[in-house]
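Since the structure of chain A is already known, use the hints to place chain S on it.
Listed here are the chains, written in short residue letters.
Protein chains: 2
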Amino acid sequence: MPVERTESLAAVLRAVRSNRGITQPMLIEQVGWGRSVVATRIAELEAAGLVTTAGVGPSTGGRAPRQLRLRSESGLVAGIGIGATRMEVGVADLSGRLIARAEDPIEVADGPEAVLGHAEKVLDGLLARYAGGRAVWGIGVGVPGPVEFATGLPVAPPIMPGWDGYPIRDRLSRRYDAATWVDNDVNLLALGELHANPAAAAARDFLYVKIGTGIGAGLISGGRLHRGTNGCAGDIGHVAAAETGGVICRCGNAGCLEAAAGGAALAREGRWLAETGGSPAMARILTAKGSLRAADVTTAAHDGDPAAQALLIRAGQLVGGTLATLVSFYNPALVVLGGEVSRTGDYVIAAIRESVQRRSLPLATRSLRIEPATLDEATGLTGAVHLVVDELFAPQRLARWLPHNTPAGRPELAAKEAA
Amino acid sequence: MPVERTESLAAVLRAVRSNRGITQPMLIEQVGWGRSVVATRIAELEAAGLVTTAGVGPSTGGRAPRQLRLRSESGLVAGIGIGATRMEVGVADLSGRLIARAEDPIEVADGPEAVLGHAEKVLDGLLARYAGGRAVWGIGVGVPGPVEFATGLPVAPPIMPGWDGYPIRDRLSRRYDAATWVDNDVNLLALGELHANPAAAAARDFLYVKIGTGIGAGLISGGRLHRGTNGCAGDIGHVAAAETGGVICRCGNAGCLEAAAGGAALAREGRWLAETGGSPAMARILTAKGSLRAADVTTAAHDGDPAAQALLIRAGQLVGGTLATLVSFYNPALVVLGGEVSRTGDYVIAAIRESVQRRSLPLATRSLRIEPATLDEATGLTGAVHLVVDELFAPQRLARWLPHNTPAGRPELAAKEAA
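If you read the protein sequences in the order shown, they are chains A and S. Numbers 1 to 419, taken from this note's numbering, label the letters of the first sequence in order. Numbers 1 to 419, taken from this note's numbering, label the letters of the second sequence in order.
Bound conformation, chain A alone (with noise of 0.2 Å):
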């Protein structure tokens, strides 16, 4: 198919996906081409079923124009989001809106074959219920470490066991027979917020930072995820960071940034401060529960708990100070804060913008705003089935599943026969 055809078919489509209620004349004045080459382009998406009227637009003078609408209820995209002790499975339609999902804990170290399995299940049965006859045109999977995009296997996983180059993508695109895409869950989570969060969708340069048991970053880079050579850009746990006191990280380094600030981090200064009596508060928890976790830290904090206040001041120092650089660095126009331990309420951001503000170059934090995510996701679900729709509907993938002689009202066929 020719590229011009191509590309124009797909500014339409997006055209038409970005603008509810646009109809041909806004349409034209949109994209500047003439009303003949429009005209048949839109034919085409309705004829393959992409595109339908959904009424009428307001009228010039002559016959009120139709509003066009992608026909997103003609097929389905599916996303499964991976965590390390979580998964997150969904189905949503052609405009990446999910119908429905489900949650479950998983040991993301139980390896691929247990994993991949249950979600396999827990999306076929979401698939029986939802589907409606509907075919699956691709599937978006979030792992918790690095992905080589391009061939969808892990690269080195360090919390992954038994994942390293697991072919994800060929099984479950021959599983479901649908186009199938595999990226870090930092990525996924930065990706949802291009889409979820108009802040982020304006920003066009933005990092997501994910503050877990792990810590992780996103790079957007004019709109688009920055992956790196080796898919693991973002991969900031295990940084130097400055008065760390040299902590022993699991990865074997000392000062890493993750030893420090991570989850794990906060739970063990937590803990070693209820049993030498730092924190009454966090003793009581301690002994309520036999054990401390970062969110007893922060229930601590909020309980008006000196100590545990103090430990997420730091660990928000901690993370500002390697943020501070990367800000000079990259200069994004937004931060998005994200994972449990930024859920935690003002403490952790904060501290975080004030070691921002202090270190970075002045002229890079002039408009920068460093915000909590919008999207309260651990595994980047709503990134998994957006990737899914904007790879589906890329100029060189419309190229291969919409020929010309796609049959009317079928391009599912197509879709397959080129996935």
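Just so you know, the hints here were simulated from the structure itself, not pulled from any lab data. Cβ atoms here follow ideal geometry from the backbone N, Cα and C, with glycine treated the same way. One should not assume that every hint holds.
A few chain S residues facing chain A, derived, Cβ under 7 Å [to be verified]: (1) Ile236; (2) Leu361; (3) Leu375.
Computed footprint of chain A on chain S, listed as stretches where at least three residues anywhere in the stretch have a Cβ under 8 Å from a Cβ of chain A [said to hold, decoys possible]: (4) 317–325; (5) 329–335.
Same frame as chain A, now just chain S:
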């Protein structure tokens, strides 16, 4: 002009620019469109004076096909690279090949009127000798500070008093009646490597790190510049570096990388060693010259002075420590080292390599290369002319200056109308 025609014109032009001796059949195979579309686009580019026949290619049975080439002699582009203490001015053809260049000492602190006035005189001289009646189609300017690329305005540049918000682009585009782009010098050095260094072109994701009086980086993401939201991405001279001993920086902060590892720090430490008996070799230079510069430290190191060698190694370690964090964060395939401190032989580069290997994520250094720059440039002149060529031949711009009714052979008129 319809987007389809523009995109395909730009694609044909791009194929001709980057493939020496390409023929129409080869072009058809490469772009994957029909023969008639490609033939029409070639005819249009020939009529506009941008493409011409270079000879005949290998025959596959019938008449030998014509080889196509960019008519790079149709017009000129100019580059002005402004550094802290010197300036490079050059004139190139439409392939970005420099025809003539001149270099002059300047003081950027003398302000824009003095410096640009001087640059214009030098450029006028080059044009008088080398233009041969050809028009200047575009001008690229590099300055040693942050630039808002969309407007071409310097933004709070710390070592450029009087330049903040100065309309460089308006001044030059009016004087030469040519489209003008302004960018940060390290960005242009990175762009120059992207065009002149095959390893950089292949890397797609790479960092250019300049270590001179100041320290800065240029970020290439997926083959294009990441400039950041305020145009100050890569400004790493003033990030907090570990183990600097808290030396006070000219910016007012303590412990900045540049204050401990830049050229001024080398000169200062060298002088101190010379005056206190730590380095007989540097003492001799200081006595002979009455001053000591970073380049003198290098000379002493090459002559075997252990103190001078130790200074260079320490500078490399400090830069390497910061780079280790940036490599984990950005995951580049390549780090290109430029600037006068980098050009001091192996001491600095070896120390940087070792620090990065020791402290970056193993996956991020698995295939990482750290190499000296291939272009021996201080101001980014090569990148400046390539920036202009890339912008002139970008689809959006072609649409503006290559309308249907371009007078054949007079594209510079249309270019000017659209500037």
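Outcome of the hint check:
Annotation: interface hint on Ile236 (chain S) holds; nearest CB of chain A at approximately 6 Å, less than 7 Å. For Leu361 (chain S), the interface hint holds, the least distance from its beta-carbon to any beta-carbon of chain A being 5 Å, beneath 7 Å. The restraint placing Leu375 (chain S) at the interface with chain A is violated, with a minimum CB-CB distance near 22 Å, outside the 7 Å limit. Counting residues of the segment 317–325 of chain S whose CB falls under 8 Å from any CB of chain A gives 4; the rule of at least 3 is met.
As drawn, the segment 329–335 of chain S meets chain A at 5 residues by the rule of a beta-carbon pair under 8 Å; at three or more, the given contact holds.
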